[in-house]
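Protein chains: 2
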Amino acid sequence: MAPPPHVTQAIEKLKGLLGERLSTNASVLDLHGHDESWHTTVPPHAVCFAHSIEEVSAIASVCNDLQVPIIPFGTGTGMEGHVVAVQGGICIDLSQMNQILELNQDDFDCRVQAGVTKNQLNEYLRNTGLFFSVDPGADASIGGMAATRASGTNTVRYGTMRENVLSLKVVMADGRIIKTAGRARKSAAGYDLTHLFVGSEGTLGIIVEVTVRLHPIPESIAAASVYFDDIESAVAAVQLTMQSNIQMARIELLDSAQMAAINNYSKTDYPVKPTLFVEFHGTKASAQEQATLFGEVSDEYGGGGFAWTANTEERSRMWAARHDAAYAAGAVRPGARAIATDVCVPISRLAECIRATREDAKNRSNLTTMLAGHVGDGNFHFVFLVDRNNPEELAQVKDIYGRLIKRALEMEGTCTGEHGIGIGKQQYLIDEFGVDTIDAMRAIKSALDPKGIMNPGKKLPSDS
Amino acid sequence: MAPPPHVTQAIEKLKGLLGERLSTNASVLDLHGHDESWHTTVPPHAVCFAHSIEEVSAIASVCNDLQVPIIPFGTGTGMEGHVVAVQGGICIDLSQMNQILELNQDDFDCRVQAGVTKNQLNEYLRNTGLFFSVDPGADASIGGMAATRASGTNTVRYGTMRENVLSLKVVMADGRIIKTAGRARKSAAGYDLTHLFVGSEGTLGIIVEVTVRLHPIPESIAAASVYFDDIESAVAAVQLTMQSNIQMARIELLDSAQMAAINNYSKTDYPVKPTLFVEFHGTKASAQEQATLFGEVSDEYGGGGFAWTANTEERSRMWAARHDAAYAAGAVRPGARAIATDVCVPISRLAECIRATREDAKNRSNLTTMLAGHVGDGNFHFVFLVDRNNPEELAQVKDIYGRLIKRALEMEGTCTGEHGIGIGKQQYLIDEFGVDTIDAMRAIKSALDPKGIMNPGKKLPSDS
Chain P
9 MAPPPHVTQA IEKLKGLLGE RLSTNASVLD LHGHDESWHT TVPPHAVCFA HSIEEVSAIA
69 SVCNDLQVPI IPFGTGTGME GHVVAVQGGI CIDLSQMNQI LELNQDDFDC RVQAGVTKNQ
129 LNEYLRNTGL FFSVDPGADA SIGGMAATRA SGTNTVRYGT MRENVLSLKV VMADGRIIKT
189 AGRARKSAAG YDLTHLFVGS EGTLGIIVEV TVRLHPIPES IAAASVYFDD IESAVAAVQL
249 TMQSNIQMAR IELLDSAQMA AINNYSKTDY PVKPTLFVEF HGTKASAQEQ ATLFGEVSDE
309 YGGGGFAWTA NTEERSRMWA ARHDAAYAAG AVRPGARAIA TDVCVPISRL AECIRATRED
369 AKNRSNLTTM LAGHVGDGNF HFVFLVDRNN PEELAQVKDI YGRLIKRALE MEGTCTGEHG
429 IGIGKQQYLI DEFGVDTIDA MRAIKSALDP KGIMNPGKKL PSDS
Chain S
9 MAPPPHVTQA IEKLKGLLGE RLSTNASVLD LHGHDESWHT TVPPHAVCFA HSIEEVSAIA
69 SVCNDLQVPI IPFGTGTGME GHVVAVQGGI CIDLSQMNQI LELNQDDFDC RVQAGVTKNQ
129 LNEYLRNTGL FFSVDPGADA SIGGMAATRA SGTNTVRYGT MRENVLSLKV VMADGRIIKT
189 AGRARKSAAG YDLTHLFVGS EGTLGIIVEV TVRLHPIPES IAAASVYFDD IESAVAAVQL
249 TMQSNIQMAR IELLDSAQMA AINNYSKTDY PVKPTLFVEF HGTKASAQEQ ATLFGEVSDE
309 YGGGGFAWTA NTEERSRMWA ARHDAAYAAG AVRPGARAIA TDVCVPISRL AECIRATRED
369 AKNRSNLTTM LAGHVGDGNF HFVFLVDRNN PEELAQVKDI YGRLIKRALE MEGTCTGEHG
429 IGIGKQQYLI DEFGVDTIDA MRAIKSALDP KGIMNPGKKL PSDS
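Protein chains in written order, with the working numbering: chain P, 9 to 472; chain S, 9 to 472.
Note that these hints are calculated values from the structure, not bench results.
Please note: incorrect hints may appear among the correct ones.
Copies of the same chain look alike in the list, so a pair counts if it fits in one copy or across any two.
Said to hold, decoys possible - Derived lysine-lysine pairs resembling DSSO-like cross-links, with alpha carbons at most 30 angstroms apart:
| id | residue 1 | residue 2 |
| --- | --- | --- |
| 1 | Lys406 | Lys187 |
| 2 | Lys414 | Lys187 |
| 3 | Lys370 | Lys187 |
| 4 | Lys453 | Lys23 |
| 5 | Lys414 | Lys275 |
| 6 | Lys187 | Lys21 |
| 7 | Lys292 | Lys414 |
| 8 | Lys281 | Lys453 |
| 9 | Lys414 | Lys459 |
| 10 | Lys414 | Lys23 |
| 11 | Lys459 | Lys275 |
| 12 | Lys292 | Lys459 |
| 13 | Lys370 | Lys406 |
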């Protein structure tokens, strides 16, 4: 579709700035108009491949002057349509800003450009004894992970991006460049803009640099899988583990259907039973001690077939299988899309939430479902495999998903543990926070982006 | 001083609402016009003792309508003049809102009214196996601690209020009541208002309820003091301890002068040498293991006289002495005020920062100084004992303190690790963040408090 005149004007100006690094090629636009979710593609009018903060700032100035939407883009691996260009405009692709700028090994921190991916950073850190802990399934960019407040399997021990971003450099809607914090471990100075931008989904500014915390690679890492007769027992074991304050580095739940999908996709041969993948970090003695404590809890609920990974390679294979769980789910029903729910509830309500959700899904649909979850955090993904062209199936998912979110909110949980709001969950935000809280969020949005050009149509529900 | 007409009008309206719980008694006003810092008292025009969120909301509405300043007040134990009524107005004393509302033992969280103090909460938790970790020197209110992003000796392991507030209920300037989050351990839903209000110093709204994280009391707690020949060795031991990833629960530095002051004030008989107070939490085996590792590091720097506390009582005495260090310092020079600096720097720069600061103070003044610090965080308090009526002494402190902050900022640290900005440090904020970042903070302030009634004259530098 031809862009409206003010967008055309912006594109002309930006061509002067970027030359070949501005693209209006249809397939490039298409690639930037969707992520890994089920949301429908809407391409932007142009894609700018930025190489510097100054360029991002100049692009923002042009767009702000002409009131043209800006959509920041990392790797396109989001889960709620954050990059879908619902109002068209200019996509800023930050993937070529992928330099690691400064490693402070003695302070356990590292400053990177927004386009650096998590695997790239960990590869870079390989011989330092440090690692970056946040590990969503995809090899996402660290800027995108900050923008969506991403987490993953290590969160139960090391936290989400909320706990692992020390400071940000952000280009504001009008092109101004701000730094949100220094490198001290704590500060009581200004307002906490770092946390305001973490999870803001590109609606308040463009994250261009991230200073992340690193963690020392533990002396000892022990990982195992353990299966249970039924999912209730597996979840009960998780609840007791967390409530006993056993120091888990990872504790991931996968139901039988998900295990079958994993075996098929990742060529593994795990028993097709509700399974926990677990990991312990520490000194040799302390990791061993925690593993023993976990074993006792697991025994209480009939956990069986404890299979310890013997070496780094086996362990990597297990976690790679876990990280590919969403892709494995998608492969079960060819042509179908996987729609993954993402609620997170207080640990004490986890078993009840999972039980009620499984029953509800069984009672209200015939869809294939599976479950995988960062259960140590109270976060799980209940996945539906859906024919997107079948309105009845979509309606069923919508119904069950809506009821699941209502259930999670009644339990004082959240509609999204880690995927974010994007275009998929705006309608639940008022239920979660209340209209006055959303108004406060809107006031902040208007204050920092008065013309409403930053990733419009995302995150906050429209106030009409 | 008689209040201006619009304030008188507000007071009349509020009397109708609160009756005897609104006071204009001079000594009550005076008590509410200062904290524990050296800043000069400025009393508010009236003090309201609120009993409910609805009352706080009603007070805010009245003040907002008439454009009267509001100053939230907890225990008055702040360190940067946060409650000093620089523009007069209405102080809302929240100390009578001191109910513990909901304990979720299985989720390690607890919801309290803002006036509950840290000791009150820990007393309440005594038989639950859980504790609230954040421990500033004073028995501060949890609302006030959230507002100032407080921390303390446990921060190196358990974090500051930033890490320990799960959710807030806040009365906005116009009286609206918002809730910032649910109780899930993580969420990628709305903007992170929780963290925006933590550390906002009463300038964005009135914190009326706080849901805090609790931590399980470890199976084993081992504490010790160890002294060094010189402060350089003590600091070097701290740096190596942190960089070796030894799991300290507490690691506090006190210089010789501070140890002498403590012995005198707390009737202890520690060697008058640079000393570390340390503590280890864990299972019996893991606490022992960490203590051994620390012992090895300490040995390397000539740490001597390792004195383990034999029981809970001895341990409590040691930490009580530590918590009273500021009062102990103040008692050294009768009639003098203690002015405590509060910078925080990356761990790798700590030794250099402390060394340069001690030298600078020696070269540029004859003042009595001492040092106490949460050194595991890179945070330390360099304390001057000053005759407030002596302009020369005040000028010396101002000079040395300004140079210390400049030094800390050059090291990518912060001008305040835990005391906040209040009225004492606004002039350093632009140096720390840059003018564009401060402008973004101002935009947020204006958006949430358009009439500028929330604790005016605090936190952000005026933009004139």
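Outcome of the hint check:
With identical chains, the CA atoms of Lys406 and Lys187 are at most 30 angstroms apart between copies only, with a shortest distance of 27 angstroms across copies and 40 angstroms within one. For the homomeric pair Lys414 and Lys187, the shortest alpha-carbon distance between copies (17 angstroms) is at most 30 angstroms, but the shortest distance inside one copy (38 angstroms) is not. In this homomeric assembly, Lys370 and Lys187 never come within 30 angstroms of each other (Cα to Cα): the closest approach is 50 angstroms inside a single copy and 34 angstroms across copies. Proximity of Lys453 to Lys23 under the C-alpha cut-off of 30 angstroms is restricted to the intra-copy arrangement: shortest distance 29 angstroms within a copy versus 37 angstroms between copies.
In this assembly of identical chains, Lys414 and Lys275 lie within 30 angstroms of each other by CA distance neither inside one copy nor across copies; the values are 37 angstroms within and 58 angstroms between. Taking identical chains as interchangeable, the C-alpha atoms of Lys187 and Lys21 lie at most 30 angstroms apart only when both belong to the same chain, with a minimum of 27 angstroms there against 44 angstroms between chains. In this assembly of identical chains, Lys292 and Lys414 lie within 30 angstroms of each other by CA distance neither inside one copy nor across copies; the values are 44 angstroms within and 43 angstroms between. Neither within a single protomer nor between protomers do Lys281 and Lys453 lie at most 30 angstroms apart by alpha-carbon distance, with minima of 46 angstroms and 53 angstroms respectively.
Taking CA atoms no more than 30 angstroms apart as the test, Lys414 paired with Lys459 passes in neither setting, with 33 angstroms inside one copy and 37 angstroms between copies. Taking CA atoms no more than 30 angstroms apart as the test, Lys414 paired with Lys23 passes in neither setting, with 47 angstroms inside one copy and 43 angstroms between copies. Proximity of Lys459 and Lys275 under a CA criterion of 30 angstroms is satisfied in neither setting, with 51 angstroms inside one chain copy and 63 angstroms between copies. Taking CA atoms no more than 30 angstroms apart as the test, Lys292 paired with Lys459 passes in neither setting, with 56 angstroms inside one copy and 59 angstroms between copies.
Taking identical chains as interchangeable, the C-alpha atoms of Lys370 and Lys406 lie at most 30 angstroms apart only when both belong to the same chain, with a minimum of 14 angstroms there against 70 angstroms between chains.
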